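Start counting the sequence shown at 1; every next residue gets the next number (my numbering).
It should be emphasised that the hints constitute simulated quantities derived from the structure, not laboratory data.
Each hint should be verified, as a subset may be incorrect.
To be verified - The calculated DSSO-like cross-link candidates involving lysine-lysine, where the alpha carbons are at most 27 Å apart (straight line), are: (1) 138 / 124; (2) 104 / 138; (3) 138 / 97; (4) 138 / 99.
As the list claims (entries may be wrong) - Label pairs and their in silico Cβ distance ranges: (5) 130 / 28: 13 to 23 Å; (6) 96 / 39: 30 to 40 Å; (7) 103 / 70: 12 to 22 Å; (8) 74 / 100: 14 to 24 Å; (9) 106 / 130: 19 to 29 Å.
Since the model is a prediction, treat every value here as computed from it, not as a measurement.
Even for Gly, the Cβ is constructed at its ideal location relative to N, Cα and C.
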Amino acid sequence: MSEPEKATGSSVGLSVPGDGGIFGEPDAAINVFNEAMRLSPIPPGWFLSELARAYFQAGRYDEAIEALQRRLQHDPNSGEALILLAASESAAGRPDKAKAALEKFLAPRPAYTLRHYASGEFFKNPEDLNRVLEALRKA
Numbered sequence: 001m002s003e004p005e006k007a008t009g010s011s012v013g014l015s016v017p018g019d020g021g022i023f024g025e026p027d028a029a030i031n032v033f034n035e036a037m038r039l040s041p042i043p044p045g046w047f048l049s050e051l052a053r054a055y056f057q058a059g060r061y062d063e064a065i066e067a068l069q070r071r072l073q074h075d076p077n078s079g080e081a082l083i084l085l086a087a088s089e090s091a092a093g094r095p096d097k098a099k100a101a102l103e104k105f106l107a108p109r110p111a112y113t114l115r116h117y118a119s120g121e122f123f124k125n126p127e128d129l130n131r132v133l134e135a136l137r138k139a
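Please construct the entire structure, taking both the sequences and the accompanying hints into account.
Here you go:
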């Protein structure tokens, strides 16, 4: 496996958001990203973010939080991880932790809104986006 393949996950047949692929099918996405991380000795951070997104879509919020915390250990200012962490903590019923994650996300982005999030995120199923937005509103 070449270094670019390791870095992008291309050798494990990952589907990316632009082609619809596994997104919208959280169980399939969970399996793909877990296998990708098993095969890649140093997986890119986005593997963990997308794994967390799949866990969120499956309603497995604690597992989403665990994946996001692992991502944040390596990249403590990852915006995608922080905002999904806020949504996951909110959906898991932990408003204080949700608020803390959202505040950390918003600190360098004070003008950021839910509209920004909605316009920049790919969700195959609109109801998945709505669940994230609702969780963020509660945070």
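Status of each hint after checking the structure:
1. The straight-line distance between the Cα atoms of residue 138 and residue 124 is roughly 23 Å, inside the 27 Å bound, and the hint therefore holds.
2. Taking the CA atoms of residue 104 and residue 138, the gap is about 16 Å. The hint holds against a cut of 27 Å.
3. Proposed proximity of residue 138 and residue 97 is supported: the alpha carbons are some 12 Å apart, at most 27 Å.
4. At most 27 Å may separate the alpha-carbon atoms for a hinted pair to count; residue 138 and residue 99 meet this at roughly 9 Å.
5. The given range of 13 to 23 Å is respected by residue 130 and residue 28, whose C-beta atoms sit roughly 21 Å from each other.
6. Between residue 96 and residue 39 the C-beta distance comes to about 37 Å, which sits within the given range of 30 to 40 Å.
7. Between residue 103 and residue 70, the C-beta spacing of about 21 Å keeps the proposed range 12 to 22 Å intact.
8. Separation of residue 74 from residue 100 is about 19 Å and conforms to the stated range, judged on CB atoms against 14 to 24 Å.
9. For the pair residue 106 and residue 130, the supplied restraint of 19 to 29 Å holds, since their beta-carbon distance comes to about 21 Å.
In this structure, every one of the numbered hints holds.
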